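A.B. asks: Listed below are the residues making up each chain.
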Amino acid sequence: MEKASKFNRYVFTVIVLYVSWILITATTRTDELIVGIIVSLLVAIGTYDYLSIQGLRHLSLKRLWFLVIYIPYYLWQVILANFDMAYRVLAPSMPIKPGFVIVHTDLKTDSGKLALANSITLTPGTLTMDVKDDKLLVHWIYVKDRTIEGATHEICGRFEGFLKVIFG
Amino acid sequence: MIRKITYTIFLSIIVATLILFFVAFPFGKNKMGVGKYYLNNDIKQTGAANVVTAVTLDYRGLDTLGEVTVLFAAAAGVSILFYLIDQDKKKRERQVYPNFIVRVGSRIIFPFILLFGSYIFIHGHLTPGGGFQGGSIIASGFLLLYLAYPGERVNRKKLAVTEGLAGLTFVVFGAIGIFTGAHSFLFNFFPKGTLNMLFSAGILPILYIAIGFKVGSEFAGIIDDMMCQTVCGGEK
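Going line by line, the protein sequences match chains A and B. Going letter by letter, the first sequence gives residues 1 to 168 in the numbering used here. Going letter by letter, the second sequence gives residues 1001 to 1236 in the numbering used here.
Calculated from the structure, these hints are not laboratory results. The structure presented is a predicted model; accordingly, all values stated were derived computationally and were not measured. Careful, some of the hints might be misleading.
These stretches of chain A come out as covered by chain B in the derived footprint (C-beta under 8 Å, 3 or more residues) [claimed, not checked]:
| hint | stretch |
| --- | --- |
| 1 | 31–40 |
| 2 | 141–154 |
Derived pair list, reagent style DSS-like, types lysine-lysine, alpha-carbon separation capped at 30 Å [stated by the list, open to error]:
| hint | chain 1 | residue 1 | chain 2 | residue 2 |
| --- | --- | --- | --- | --- |
| 3 | A | Lys3 | A | Lys108 |
| 4 | A | Lys6 | A | Lys132 |
| 5 | A | Lys135 | A | Lys108 |
| 6 | A | Lys6 | A | Lys62 |
| 7 | B | Lys1157 | A | Lys6 |
| 8 | B | Lys1157 | A | Lys3 |
| 9 | A | Lys108 | A | Lys144 |
| 10 | A | Lys62 | A | Lys144 |
| 11 | A | Lys3 | A | Lys132 |
| 12 | B | Lys1158 | A | Lys3 |
| 13 | B | Lys1158 | A | Lys6 |
| 14 | B | Lys1192 | B | Lys1036 |
For glycine and all other residues, C-beta sits at the position ideal for the given N, C-alpha and C.
Produce the entire structure from the sequences given, and follow the hints as far as they go.
C.D. replies: Quick look at the structure:
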C-alpha cells in the first residue's frame, strides 16, 4: 500500500481528531467547536506521520459503512464467545483444550493487522500473542483445528472480510 | 537518677502542652474560614467553575509558579545525574524489542493521547484536572513511543523551546497584572465571562495551558533522560 501525500494524511488526522474532540466534549457549543478545530490542527502537525499511511482513503463511504456494520457485528460475536466461555467455565467436565495455533491473514496494512489482532484478543477464548508478517500466533482455549487453514477459518473468518474492506 | 528526673520533666512538659492544645481546640466545628471564603467567593471573584483551579491559579497563583519552578529544578537534576553516568554504559543496546502490536498500536493511539491531554488542560477551569494532569498525560504518550520504538528520540531542542515559551507565557501574563487595575502579580485582568463556558475565568485557562505545555515537555525530557540510560544510541 503506497503512502498518501503529506497533506492528505494531515487532513485525515485533523478530521479524526476533530471528531474525537466532539465525542469527548459531548457538545456542539460554538466555543468548544472553535477550540476543538484549533487543537486538532495543532496536534495533527506533530502526529499525522504516526496515525495513518493511507490518509483520506480511510474515509470513503464504503469503508465507513462497513465500520458502522462491523461494530455491532463484532459486539454480537463477543457476546456469543462469552456464552461459550461461560459454558467452559461452568461445565463439570471441564471441556478445555488450550494450545497455541498459527493463523494466516490476508490483510496487508499494519493497521488492519492490528485491528484483527485486537479483535481476536478482545473475543473471550482467543488471545493474540504476536504478529509476524502475515502470521498471527494465537492462544486458543479450545483448539478445534491445529492446521493453519482450519484455525484461520475458525478464528479470523468472522472478522477478516470486514477488516479487509475497512483497512484496505 | 538525674536522667530519670530529666525524662520525667520533659515528658510532663510535652503532655501538658498537648493537653492545653487540645482543650483550647473546639472539636467538630468548621475551623477553615479560608475554605469557606473560597467556596463563597470563587465564582464572583474568578469566574472559574472548578474551585480547586480558582485556588491553585488565582488565590495561590504564585505558589503554582513556585511548583512549576520546583519541577523544572527536578528535571534539570535528573538530566545532570544521567549526564554524569559513564558514557560507555549509555551505548548498551537493548536485547528485547517490542512486538508488532505495541509498535503499531502506540503509533495509532499517540495522537489521541495528545488530544486528550490537551482536552484536560484546556478544560482545567471547568472540570477536574488541569495543567499538571494534562501535561502528565501528554508525557505518557511520549513514554509509550519510547517503549515502542527504542532507539528513537524526541527533539530535545524543541522540548526546551516549548518549555521556555510556556514558562514565559505564565510570567508575562502574571506581570501584565502589575500594570492593570489591582497592581498585583497574577491579577486576573481578563473579563470573567459566563460560568461553565470555555472562555471564562479570565486568564486562568491561559495559565493552565502554559502549565500543561511546561509540565508535558518537562516530563518528556525526564522520560528521555531515563530511557536513554539504556536504550538510545547517541545524540540525534
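A.B. asks: Evaluate each hint against the coordinates.
C.D. replies: Comparing the hints with the structure gives:
no.: 1; hint: 31–40; verdict: holds (count 5)
no.: 2; hint: 141–154; verdict: violated (count 0)
no.: 3; hint: A/Lys3 - A/Lys108; verdict: holds, 13 Å
no.: 4; hint: A/Lys6 - A/Lys132; verdict: holds, 28 Å
no.: 5; hint: A/Lys135 - A/Lys108; verdict: holds, 11 Å
no.: 6; hint: A/Lys6 - A/Lys62; verdict: holds, 23 Å
no.: 7; hint: B/Lys1157 - A/Lys6; verdict: holds, 24 Å
no.: 8; hint: B/Lys1157 - A/Lys3; verdict: holds, 29 Å
no.: 9; hint: A/Lys108 - A/Lys144; verdict: holds, 27 Å
no.: 10; hint: A/Lys62 - A/Lys144; verdict: violated, 34 Å
no.: 11; hint: A/Lys3 - A/Lys132; verdict: holds, 21 Å
no.: 12; hint: B/Lys1158 - A/Lys3; verdict: holds, 27 Å
no.: 13; hint: B/Lys1158 - A/Lys6; verdict: holds, 21 Å
no.: 14; hint: B/Lys1192 - B/Lys1036; verdict: holds, 21 Å
Consistency note: the structure conflicts with the earlier hints numbered 2, 10.
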